[in-house]
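Note that the protein sequences, when read in sequence, are chains A and B.
Be aware that the first sequence starts at 8, since it is given in the working numbering, and climbs by one per residue.
Be aware that the second sequence starts at 43, since it is given in the working numbering, and climbs by one per residue.
Take the hints with a grain of salt, since some may be wrong.
[What the hints assert, rightly or not] DSBU-like mimics (lysine-lysine), calculated; alpha carbons at most 30 Å apart, straight line: (1) Lys327(B) - Lys300(B); (2) Lys300(B) - Lys433(B); (3) Lys71(B) - Lys327(B); (4) Lys433(B) - Lys260(B); (5) Lys403(B) - Lys385(B); (6) Lys300(B) - Lys55(A); (7) Lys64(A) - Lys278(B); (8) Lys327(B) - Lys55(A); (9) Lys55(A) - Lys392(B); (10) Lys64(A) - Lys433(B); (11) Lys300(B) - Lys64(A); (12) Lys300(B) - Lys278(B); (13) Lys428(B) - Lys300(B); (14) Lys392(B) - Lys403(B); (15) Lys428(B) - Lys403(B); (16) Lys71(B) - Lys260(B); (17) Lys327(B) - Lys403(B); (18) Lys71(B) - Lys433(B).
Keep in mind the hints are simulated off the structure, nothing from the lab.
Please read these numbers as outputs of a predicted model, since none were measured by experiment.
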Amino acid sequence: MTETTTVSRTIDARGSFCPGPLMELIRAIREGQVGDVIAVWSADSGSKTDIPRWVEKAGHRLVGVFERVGYDEIVVEKLR
Amino acid sequence: MPQGGRVQRILILGGGVGGTLTANLLARKLRTRIDRGDVVVTVVDATGEHVYQPGFMYIAMGGEREQGLRRAERGLLDRRVELVVGEIVRIDDSAHAVELADGTRLIYDYVVIAVGSRITPETIPHFAEEAHHFYTPEAARRLRRALDAFTGGRLVIGIAGMPYKCPPAPLEVAFLIDSELRARHLRDRTDMHFCSPIGRAFTIESVSEMATPVFQEKGIEVHTFFNVEEIDPERKVVRSLEGEELPYDLLILVPPHKGAQVLIDSGLATGSGWLPTDRETLQVKTAPDAPDGTQSPRRPHMYALGDATDLPLSKAGSTAHFEAPVVAERIAAQVRGVEPEAKAGHYTGKVMCFFEIGGGKATLLQFDYNHPPHPPKPNRVWHLGKIAFNKTYWHTVPRGRV
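Make a model of the complete structure from these sequences and hints.
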């Protein structure tokens, strides 16, 4: 879990390679409600640059990118 | 493994590139056993017709005719391979049986799932009326007619879902249409746009680096992170999930794709229908591997190849072409009761395909799990290579000659 935000859904995309984790996040954003906080776990190093770029363009909020052991946890809040 | 004189049955589901080649390679490897009646290799195909899908794009782009892209599957199969024509409605792995729509039940000792993928344009409202594509011969002919009638305006080409068949295809179509419009003196009256769902023009970074300057040179504007959400037929705009809108006069979109419904119905695949598959042995997994890296059990007698898998590779005939020898090696070894040959029995992720960039030039993408492609400078030779490959396909790939 993240430092200050309650995650409403976690997507474990650690077995998946770019653009898999981003595509999984996009699917979750489509299915989710405004205010949902979605955490994506990715072991693909491209995700920690690709996902924040997408979040900015799509108008959501990047809660943070957290380095975990062997993967990154990228947390996003759906704003619209 | 069944022993003791009982006939061993190998069932191959799907008569596309992967299924046909696997069957022919098995017929070669197990010739004596098949002739003795100890082994039966059967291909099950819904139509009995082998279709060369990469040619569809050329119905729209290069004057290809549909008749040249279809042949009877029987004629491509080794005479030792049996062919059953029928629609597969269920794979019951606990009973080692496949059920067909007409009630036929086929038993297997080994099964190869080569059922491909399917397009699902119906998942985007108004796709059918508004968007063109080139993933069926009918759609490609309709696109050809629309291009013939096109006299300039806003042309939007995009990808409405990932993964999809033949990753270079939408880029190739953009480049080939650019060349065509220049030849027809319509390019200066056309505003061309290309939309990609991800942060670059192509999934593989090195290929994107090659293609991005080509888009710039040709004056095609690239819109990244454009995930098609809605088509508005009244206003003629395509809208993205990210909130961008692009007006169009002619809209060409790669439709979303899914795995075969029979795999979902049979409980072998979930979600979008891609089969969890071991990246090296190509055995189907009972479930995706656990998040901590713990492997889920592999089904020792069930293999998948081509578009049907969940592997992070191109959904392309080329992938199936290089996977088929691995599957054939492993099953032949299992039938003989020996270990597969180490190199031949492990898939390295090899894929090779041509990439048209327009103006009669192309390049070549060659890669595997550990080596990204380094496409050579586009030239005329690779373009001619692609044309020659397409024309000679029937005599080479399905028969295992290349």
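Cross-check of the supplied hints:
no., hint, result
1, Lys327(B) - Lys300(B), "holds (19 Å)"
2, Lys300(B) - Lys433(B), "holds (29 Å)"
3, Lys71(B) - Lys327(B), "holds (26 Å)"
4, Lys433(B) - Lys260(B), "holds (29 Å)"
5, Lys403(B) - Lys385(B), "violated (35 Å)"
6, Lys300(B) - Lys55(A), "holds (27 Å)"
7, Lys64(A) - Lys278(B), "holds (23 Å)"
8, Lys327(B) - Lys55(A), "holds (29 Å)"
9, Lys55(A) - Lys392(B), "holds (27 Å)"
10, Lys64(A) - Lys433(B), "violated (44 Å)"
11, Lys300(B) - Lys64(A), "holds (27 Å)"
12, Lys300(B) - Lys278(B), "holds (27 Å)"
13, Lys428(B) - Lys300(B), "holds (27 Å)"
14, Lys392(B) - Lys403(B), "holds (24 Å)"
15, Lys428(B) - Lys403(B), "holds (10 Å)"
16, Lys71(B) - Lys260(B), "violated (49 Å)"
17, Lys327(B) - Lys403(B), "violated (41 Å)"
18, Lys71(B) - Lys433(B), "holds (27 Å)"
Of the numbered hints stated above, those contradicted by the structure are hints 5, 10, 16 and 17, listed in ascending order.
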